[in-house]
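2 protein chains.
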Amino acid sequence: MNYLDALNKRYSVKKFDPEKSVSADALYHILEAARLSASSLGLQPYKIIIAQSADMKEKLIPAFYNPSQISTCSHLIAIVSKNDIESKYIGAYFTQISETRDVSLESLNPFRESISKHIDRLSTEQVITWADKQCYIVLGNLMFAAALENVDTCPMEGFKQDIIDEILDLDITKEKVAVTLALGYRSEEDDFQNLKKVRKPNEKLFKFI
Amino acid sequence: MNYLDALNKRYSVKKFDPEKSVSADALYHILEAARLSASSLGLQPYKIIIAQSADMKEKLIPAFYNPSQISTCSHLIAIVSKNDIESKYIGAYFTQISETRDVSLESLNPFRESISKHIDRLSTEQVITWADKQCYIVLGNLMFAAALENVDTCPMEGFKQDIIDEILDLDITKEKVAVTLALGYRSEEDDFQNLKKVRKPNEKLFKFI
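Sequence order for the protein chains is A and B. The opening position of the first sequence corresponds to residue 0 in numbering that gives the first Met the number 0, with each subsequent residue numbered one higher. The opening position of the second sequence corresponds to residue 0 in numbering that gives the first Met the number 0, with each subsequent residue numbered one higher.
What the hints contain is simulated information worked out from the structure, not anything from laboratory work. Misleading hints may appear alongside valid ones.
Copies of the same chain are indistinguishable here, so a pair counts whether it falls within one copy or spans any two.
[Claimed, not checked] For lysine-lysine, the following DSBU-like pairs were computed, each having C-alpha atoms within a straight-line distance of at most 30 Å:
id	residue 1	residue 2
1	K58	K46
2	K199	K87
3	K19	K206
4	K199	K46
5	K195	K58
Isolated chain A (complex conformation) (with noise of 0.2 Å):
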């Protein structure tokens, strides 16, 4: 399917065919486009959980405030952004750079120390925000691969911070979950299936210089 078709059929399903699984292959593939995202400075402040067995999905409703997609989706992904950039983190980013590309951690030095005092600069709300952020490029793209999939998502802010941090049982000192993606396939019980794409025209959106 054309990319943009595929963008063009996503929307933000609001109930899920609950007898239909995304299947482990398609899975893998979406995940795997998250695991490619790029972010900024190659930090990738964040892990992703995957929520499937039914127990746990059933587990997880409270911490929403709509709960039908929950109930109802194939997998629930929940990408846990990091607080925290510790130089232990940052040590451990270098040691797999010097292994994967086969040069010697001091030839590092140099990125390193560039990196560390950048990430020295910034407040804790600082990097809260920025690693929120990276967190948003992988929503991007396991959207964007689900799309092209055919499995569609709906991508969910409204839960509640503290219930689904200790449902997840997140060390809240350094982490929390940034935002969560339902996967799944729409029910033919959804209207919204229907409803025409609403976004800006070209000519409110874009502006060439």
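Following the hints, complete the assembly by docking chain B onto the known chain A.
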């Protein structure tokens, strides 16, 4: 091209080939993917500025800490986030929904009220953060679509906010550049294209529950 191959081929270009321009067709498709981006409540709190003239790109160089992409790219895209969601803006959105879907404005009142209430509850700082995050979904879509069009990219957060906002003649009481993306074709001289991609392995990135 398979989309995972395209994402694997993508990297953040440090130097573009200044002789190669992105075609009008490819650019149109990439921008259409941005226009189709999902956004919270459908509010699309952004506009997209595309600098394509040599003069304008030249003028933008001092706004960036690393100018090598700006001086060699084909197009420089600035995603501009709205700092303020006025009731007039929400009104225009609902007029568009009403016209696009051929439904009365009155029938949309419950949705409109719930959106207005939600936005009113946010502090200015929270609106800015929320709008910025939506811009990163657009950024994700732009990079993904560009990769599918075989167009190279470099996302850039490293700009001087006051300088870029002034060059782009933004009304800083209402909007600011959230993030930028250079488009073009990788230069043969850019050694970064030969480096292996560094991404967390599945077992560190994903958790299935």
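Hint-by-hint comparison with the structure:
1. K58 x K46: within (20 Å within a copy, 39 Å between copies)
2. K199 x K87: So K199 and K87 pass the 30 Å test across copies only (15 Å; inside, 44 Å).
3. K19 x K206: Result: close only across copies, 22 Å inter versus 42 Å intra.
4. K199 x K46: Only across copies: K199 and K46 sit 9 Å apart there, 33 Å inside one copy, limit 30 Å.
5. K195 x K58: Result: close neither inside a copy nor across copies, 34 Å intra and 40 Å inter.
Hint compliance for this structure: hint 5 alone is broken.
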